[in-house]
Amino acid sequence: MKWFAGAQSVLDPAGPQAGRIHGLFEVFLWVAIIVWVLTVGAMLIAFWKKHGGERHDDTTKRVVTACGVITVAVLLALLVASAVTGSAFATVPSNNVMNIEIRGHQWWWEVHYPDYIPHERVTTANEIHIPVGRPVRFKLTSDDVIHSFWAPNLSGKLDLFPNRVNEAWFEADRPGMWRGQCAEFCGLQHANMAFWVIAEPPDKFNEWIENQRKPGVMPSTPDQAHGQEVFLNGPCVVCHTIRGTNALASVGPDLTHLASRHTIAAGTLALDRGNLAGWVTDAQRIKPGNRMPPVNVPSKDLEPLLAYLESLK
Amino acid sequence: MTPTQEAVERGTVDLSALDRSWAPPQGLLGWFRQVNHQNIGKRYIVTAFIFFILGGIEALLMRLQLAQPQNRLLNPDLYNQIFTTHGSTMMFLFAVPVMEGMGVYLVPMMVGTRNVAFPRLNAFGYYMYLFGGLFLYAGVFLHIGPDAGWFAYTPLSGPLYDPGKRTDFWAQMITFTEMSALVVAVELIVTIMKMRAPGMSLNRIPMFVWAMFIQSFMVMFAMPAVMACSGMLLFDRSVGTHFFNPAEGGDPMLWQHIFWFFGHPEVYIIFVPALGMISHIVETFSRRPILGYTALVLSQIATGFIGFGLWVHHMFATGLPQLGESFFTAASMMIAIPTGVQIFCWIATIWTGRPTLKIPLLYIAGFIAIFVIGGLSGVMIASVPLDLQVHDTFFIVAHFHYVLIGGAVFPLLGGIYFWFPKMTGRMMNDAVGTLSFWLTFIGFNITFFPMHILGLHGMPRRVYTYLPQTGWGDLNLLATCGAFILAIGFIVFVLNALSASQNGPAAGSNPWGSSNIEWSTPSPPPHYNFANIPVIRGREPMWTDPEPPVVTGLDDSRREVLVTNTLDAEPEHRYILPGPTIWPFLLAVTTTIGFIGTVFQMWWGVWGAALSFIPLVGWFWPRERPRPDLLESGCGSGGIE
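Each protein sequence line maps, in turn, to chains A and B.
Just so you know, we're using the numbering used here here: the first sequence kicks off at 1 and counts up by one.
Just so you know, we're using the numbering used here here: the second sequence kicks off at 1 and counts up by one.
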């Protein structure tokens, strides 16, 4: 998995929304550099030039006035540039838009794909798959406090409020994986509330969503069957869902296709057996304060449980 | 012959009587009875710097935690408390109070009077500020420091997600400090409008006085907003109101609107006094009258007005309608115009003057280099689309430290260096001053410039840690190193001030050759500021009119001051100011009992008010009978010789 090197950066846009802002940023940046050099240059000259002789305050005042007028003109130009970009940014394309609903929780992201028939509704967590070249409209809301949805390579951020729905959209123009992170302070684990956006060619995306629509796979080895038993008889079912089983709670992330994801703990750990074991047994050590209690799994049950969870492709 | 002696010779003042009337009370009890503006002002400044050091220690702890990824120095709970306390301390307990302190100390002297208009209220304000700060830090040291950010967004700060008393301590601290800011605003406004020396018409008011005047009006409109919303939060948390509870029809957006309606002007409340200081420093060390006095005053007034029209730019990412947001973009860019005009005026003043690069002016040069970066990044984030990317990232952290440290702390340090001889009678050491300037300047830029880049590379604010894979480690380590250089710079400055206050060379009344009348009185000034109140006949009286006529007819045997009219400062009547008294302190104590009590039980609001009745009776008890001779003369005969 490509972790970083620009995977969460404003400066490496991967779609039209972030691209627009990046273009605007370059304009503002150059204006800023020029203004700073001129201002500080003038100040330095003012200090070190040869002083004395007659003072011409009227001339100086005219120069100051001219500088003021130039400032107004430059700001007006920037204002227009900003408004033009802002207007393009806010216009949602009307054709071929895919919908995704995001629900923020302390401290993870619940992701729904509502465009499919209700009983096959796709629910996942902390990982958003999108098809390349197709605009995606996000409906954002929060389960608890205010969060902010931000994947800088794709677009700017937008807040998630409880009891309100905000709408944003973006599009990826090439396949890739980008990281996003909660940008509004939301409590103890604000720092570890990340997600990944994975843009795939349409056929690969369809493959993915077809798989996500299925219920969780049934255990295929005795070990996994034992693990499923541990899961269904343990405290896990109080919070989690695995579709196709009796685990139907929605306090924590949906685990139906857990093993198809790249990370656990909201983008904090790569998904592998060691991390999964650490998370299941003592999530508080990894993300102090998060809502997953430490689970006391007897050692003979732990390996089967992990085997089962890892089979949930 | 010293200026005082000259003045005494020209006037008819009885110095020993003046001294007796204005002498501060002695002893431990006397400390609590003090009402002279010099003492209260100095207390504000010293207390604010102590809080500045505490806030700085918190900043260093945060920088240590972030110096490397996945650091375990601070746990998330402690980190959240520390960044919340850092922000709250710097905004509420350092930046505003230190500017108020400079105002309380300097304004009466700069307008040529002997105290602020309401000396007892002034003392009361200081104690409220002190108790509010102590109250917050009591919580911090008991490990119940606030942890919802200095902006305390609901519902995170609400009863459901922040149980316990942490946010209550924070919200009540606001009530304390804003009450103090409000009383300072009231007394400065009245002092400036009614107590200027004769002849100091509006167009001769010194720039710093203008700045404090405008700032005080901003305080009057901004602080009630934050007191209201922190009060509403307290009610939500303690008696079950639902102002901000979305489940019951309240709205978290309401909090954001009210908070930022205060929060944005707050930045200018800190910044505008700094603008005033800059003008005096630039004028003095350019050795010419400030260029564009009218433009500077109008720019500051414009800043004061526009400052109230920007608050929504803190809320661009909340999903407000685009048209509304564009209005705030325009307003946010517009505020760059008055600021730009002022910077042009100062550069033009230096350009056409004969500048000597003394340390205060060096700080102003540092201010321009740093602040212009902050202003330009401010223009960037005024644009909605750009803000949506960098909002709540380290880019913003960089931006507002460039604006606040560059825009307010650099001029403040320059201002303290500049007025230090007046306050203490001694000069700070130039070599040490140069060292501390460069440490501060370099350390500041190493700390905060990389944060722009971190923000653009996706690092959000208020995170207690980050993953090693993010690649943010190197720049964070650099910023941490810079923070220590910056801290050493500040420490050197403080040590310089402490040592100079004991052993510095004597300053004389006007060591910098400055233009304004506070430099006409000895350093440190006597308790009554001026032996003779000068009559003002120009904008740079010390340069154009070194031997002005003086006011006569004030009674030296009691605390009499001259009241003048607002526009032209023509004498109206004499006014007797109250002397030392314990009641402001006792009133602050009873108010504090009420305020702290309400954090735990709302009825304490009532008990506190009842208890406050006692000191209020003492405060308003009539004690000075009008003297018959004054009644005969009509009590309105303060005149000019």
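Don't take every hint at face value.
Below, in silico cross-link-like pairs of lysine to any residue (SDA-like), each with a Cα-Cα straight-line distance of 25 angstroms or less [as the list claims (entries may be wrong)]:
#1 A:139 / A:202
#2 A:139 / A:90
#3 A:61 / B:289
#4 A:214 / A:248
#5 A:61 / B:614
#6 B:165 / B:601
#7 A:61 / B:321
#8 A:313 / A:239
#9 B:358 / A:51
#10 A:61 / B:538
#11 B:165 / A:289
#12 A:49 / B:505
#13 A:61 / B:434
#14 A:61 / B:505
#15 B:42 / B:505
#16 A:139 / B:434
#17 A:49 / B:153
#18 B:194 / B:434
#19 A:49 / B:357
#20 B:358 / A:139
#21 A:139 / B:248
#22 A:204 / A:289
#23 B:358 / B:442
To give an idea of the interface, some chain A residues facing chain B are shown, with a C-beta separation under 7 angstroms as derived from the structure [as the list claims (entries may be wrong)]:
#24 9
#25 19
#26 21
#27 37
#28 48
#29 157
#30 183
Derived list of chain A stretches under chain B, where covered just means 3 residues or more per stretch with a C-beta under 8 angstroms from a C-beta of chain B [what the hints assert, rightly or not]:
#31 54 to 60
#32 86 to 96
#33 161 to 171
For the record, the hints were derived by calculation from the structure and aren't laboratory data.
Here the structure is a predicted model, which means the values were calculated and not measured.
Here a beta-carbon is modelled for each residue, glycine too, at the ideal position from N, C-alpha and C.
Evaluation of the provided hints:
1. A:139 / A:202: holds, 21 angstroms
2. A:139 / A:90: holds, 14 angstroms
3. A:61 / B:289: holds, 13 angstroms
4. A:214 / A:248: holds, 15 angstroms
5. A:61 / B:614: violated, 59 angstroms
6. B:165 / B:601: holds, 11 angstroms
7. A:61 / B:321: This hinted pair is violated, its Cα atoms lying about 41 angstroms apart.
8. A:313 / A:239: holds, 20 angstroms
9. B:358 / A:51: It holds: about 16 angstroms lies between the C-alpha atoms, which stays within 25 angstroms.
10. A:61 / B:538: Within the cut-off at roughly 21 angstroms; holds.
11. B:165 / A:289: holds, 18 angstroms
12. A:49 / B:505: Violated - the C-alpha atoms of residue 505 of chain B and residue 49 of chain A are around 32 angstroms apart, more than 25 angstroms.
13. A:61 / B:434: violated, 32 angstroms
14. A:61 / B:505: Violated, at roughly 40 angstroms.
15. B:42 / B:505: Holds, at about 20 angstroms.
16. A:139 / B:434: Not satisfied, since the Cα-Cα distance of roughly 56 angstroms exceeds 25 angstroms.
17. A:49 / B:153: This hinted pair is violated, its Cα atoms lying about 51 angstroms apart.
18. B:194 / B:434: violated, 40 angstroms
19. A:49 / B:357: holds, 13 angstroms
20. B:358 / A:139: violated, 58 angstroms
21. A:139 / B:248: Status holds; Cα separation ~22 angstroms.
22. A:204 / A:289: Violated, because 37 angstroms separates the two Cα atoms, which is more than 25 angstroms.
23. B:358 / B:442: Roughly 18 angstroms between the alpha carbons, so the hint for residue 358 of chain B and residue 442 of chain B holds.
24. 9: With a minimum Cβ separation of about 5 angstroms from chain B (threshold 7 angstroms), the hint on residue 9 of chain A holds.
25. 19: Violated, about 11 angstroms.
26. 21: Since chain B brings a Cβ to about 5 angstroms from residue 21 of chain A, closer than 7 angstroms, the hint holds.
27. 37: violated, 10 angstroms
28. 48: Status violated, d = 9 angstroms.
29. 157: holds, 5 angstroms
30. 183: holds, 4 angstroms
31. 54 to 60: Contact hint for the segment 54 to 60 of chain A vs chain B: holds, 4 residues under 8 angstroms.
32. 86 to 96: holds (count 4)
33. 161 to 171: holds (count 6)
Taken one by one, the earlier hints fail for this structure at numbers 5, 7, 12, 13, 14, 16, 17, 18, 20, 22, 25, 27 and 28, listed in ascending order.
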